[in-house]
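S.K.: These are the residues of each chain, in order.
2 protein chains.
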Amino acid sequence: MTLIDETDTSTFPRTPRNTVRRLPARAAYDRNSVAAILDEGLVAHIGFAGDRGQPFVLPTAYARLGDKVIVHGSVISRMMKVLSTGVPMCLTVTLIDGLVLARSAFHHSMNYRSVTVFGEAVLVTDPGEKAAALKGLTDKLTNGGRWDDLRPVTSKEVAATTVLALPLAEAVAKSRSGPPKDDAEDMNWPVWAGVVPLSLVKGEPITDQA
Amino acid sequence: MTLIDETDTSTFPRTPRNTVRRLPARAAYDRNSVAAILDEGLVAHIGFAGDRGQPFVLPTAYARLGDKVIVHGSVISRMMKVLSTGVPMCLTVTLIDGLVLARSAFHHSMNYRSVTVFGEAVLVTDPGEKAAALKGLTDKLTNGGRWDDLRPVTSKEVAATTVLALPLAEAVAKSRSGPPKDDAEDMNWPVWAGVVPLSLVKGEPITDQA
Ligand SMILES: Cc1cc2nc3c(=O)[nH]c(=O)nc-3n(C[C@H](O)[C@H](O)[C@H](O)COP(=O)(O)OP(=O)(O)OC[C@H]3O[C@@H](n4cnc5c(N)ncnc54)[C@H](O)[C@@H]3O)c2cc1C
Ligand SMILES: Cc1cc2nc3c(=O)[nH]c(=O)nc-3n(C[C@H](O)[C@H](O)[C@H](O)COP(=O)(O)OP(=O)(O)OC[C@H]3O[C@@H](n4cnc5c(N)ncnc54)[C@H](O)[C@@H]3O)c2cc1C
Ligand code: HEM
Ligand code: HEM
Chain E
190 MTLIDETDTS
200 TFPRTPRNTV
210 RRLPARAAYD
220 RNSVAAILDE
230 GLVAHIGFAG
240 DRGQPFVLPT
250 AYARLGDKVI
260 VHGSVISRMM
270 KVLSTGVPMC
280 LTVTLIDGLV
290 LARSAFHHSM
300 NYRSVTVFGE
310 AVLVTDPGEK
320 AAALKGLTDK
330 LTNGGRWDDL
340 RPVTSKEVAA
350 TTVLALPLAE
360 AVAKSRSGPP
370 KDDAEDMNWP
380 VWAGVVPLSL
390 VKGEPITDQA
Chain D
190 MTLIDETDTS
200 TFPRTPRNTV
210 RRLPARAAYD
220 RNSVAAILDE
230 GLVAHIGFAG
240 DRGQPFVLPT
250 AYARLGDKVI
260 VHGSVISRMM
270 KVLSTGVPMC
280 LTVTLIDGLV
290 LARSAFHHSM
300 NYRSVTVFGE
310 AVLVTDPGEK
320 AAALKGLTDK
330 LTNGGRWDDL
340 RPVTSKEVAA
350 TTVLALPLAE
360 AVAKSRSGPP
370 KDDAEDMNWP
380 VWAGVVPLSL
390 VKGEPITDQA
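From first to last, the protein sequence lines stand for chains E and D.
Under the working numbering, think of the first position of the first sequence as 190, with each following residue one higher.
Under the working numbering, think of the first position of the second sequence as 190, with each following residue one higher.
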């Protein structure tokens, strides 16, 4: 379900919201580039407006399942309630790949891959779809078929949970990779220059002692 | 400048914006808890409203310098221009510490430390303050005194750069740590349960060959 379709060369439409203007050469509008970044991430930052346009940005686990991004939370959570009314939202996923150390401060940068998705969330109410989304979310976040080995979810647990689907219809990726790009006249400046790679790494699993 | 004052026991005021309602036991309103998370992170997600309340969330490097959070970008960037008009913004920093694998899907979670900061950015225009902020940002992001070894910034570079300071006046931290919290009756369910630690790790530096 989360497989990327290598033969899909379709791109997202460019809209006023998702058209990259700063350093546009770093943008990619094709579905596979966007999907690959979404599939590697675990946590999105979701933006929505509260009263009088106050923006809120909250970290949230997510999973891309086909052409939707699934998020979940408590039925009484403010974020879930606001998003389920179909307000415009922005869901951003960022993978940090490195610190780019140039000879000049000005050309310092970071290597990264990031995605913004715009749209309105749809409440998943159909029981079959809701169960499938929770299974898909759980298996994606835990890297495999854990769901079937778990104590089955109860109807009370499912009822306490809001599941939202954000259609993957208006999105874009932006990324930077590679070495620093210093000015030609600075190339012999006597300071170390290069990239310090950064990545989110798994440690040794800690078995629950309880 | 970025040192935490261990003797400072002051807390941020609780407002309608920054009061944690979901799982409030995970909240911390004291300055040191907030500062420690901000000082460990490299990238914030900044939320601001565009036309008709459309929220935008963009990843941005930042540094806490004393009681301000500093961000920078191009003078012609949309985000910098919008934020410098003093619109309400939300700056969120998230550190991912682990995946929490419970016996039930419902009790799966993540370990994390995150901060939200609310307020309005102030444009840093004074040349001395602007240079100090760019030096502070650079040294913080690169872990030390790199600035003094770099090819000095030019006035043209500084003029091309917008520096914004978000006062650290209304903020809160939320965090989770430790093992899964399964229901008592599930403790013998035959599935591995525990925590898979996650952290952003530095790799071997790659010297620029150019
Ligand atoms: C890595 C990670 C993954 C998460 N995954 C999920 C998920 O899948 N589903 C889910 O429902 N929640 C998730 N959360 C928690 C989420 O960020 C919110 O705390 C939660 O959704 C409640 O939202 P609310 O608007 O109802 O919060 P409220 O409690 O009403 O929020 C009120 C105020 O509390 C503060 N606040 C709330 N959350 C945070 C936070 N995380 N960090 C700092 N300040 C905060 C903000 O200032 C906010 O305006 C995750 C958090 C982290 C860090
Ligand atoms: C790890 C990281 C650190 C960054 N640090 C900084 C920094 O310190 N200063 C700075 O100015 N910029 C930084 N950026 C880039 C930043 O996210 C914006 O791209 C940039 O600030 C331009 O903003 P804008 O509103 O002017 O963009 P515009 O080009 O006007 O944005 C138009 C649209 O393009 C899309 N878009 C823009 N940026 C991104 C993105 N990063 N990912 C996905 N879609 C995007 C969005 O849909 C957006 O609405 C960083 C990015 C990453 C991933
Ligand atoms: C360690 C220090 C620094 C880091 C890690 C850093 C990082 C970044 C990153 C990640 C971007 C976004 C690039 C993109 O959109 O892909 C950026 C943009 C920018 N930075 Fe920095 N920066 C640093 C220091 C500086 C300094 C000291 C200056 C000015 C003297 C500066 C000026 C700029 C400008 C003008 C932009 C906008 C680029 C554009 O949109 O055209 N940076 N920086
Ligand atoms: C791998 C799978 C899952 C992960 C990683 C995960 C992660 C999370 C995280 C990080 C939170 C936020 C907790 C906080 O605010 O500190 C959360 C909240 C929540 N999750 Fe999950 N979750 C998973 C699966 C599920 C499933 C399958 C269900 C329902 C059957 C569920 C129901 C809930 C509910 C109801 C909340 C809201 C808690 C509250 O605000 O009181 N989760 N989840």
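Don't read these hints as lab results, they were simulated from the structure.
One should not assume that every hint holds.
The list makes no distinction among identical chains, and a pair is therefore deemed to hold if it is satisfied within one copy or across any two copies.
In the DSS-like style, the derived pairs of lysine-lysine whose C-alpha atoms are separated by at most 30 angstroms in a straight line are [unchecked claim]:
id, residue 1, residue 2
1, 345, 391
2, 329, 370
3, 391, 270
4, 391, 329
5, 370, 345
6, 391, 324
7, 370, 270
8, 324, 270
9, 345, 329
10, 324, 370
Just so you know, these numbers come straight off a predicted model, no measurement behind them.
S.K.: Against which earlier hints does the structure fall short, listed by number upward?
M.R.: 1 and 3
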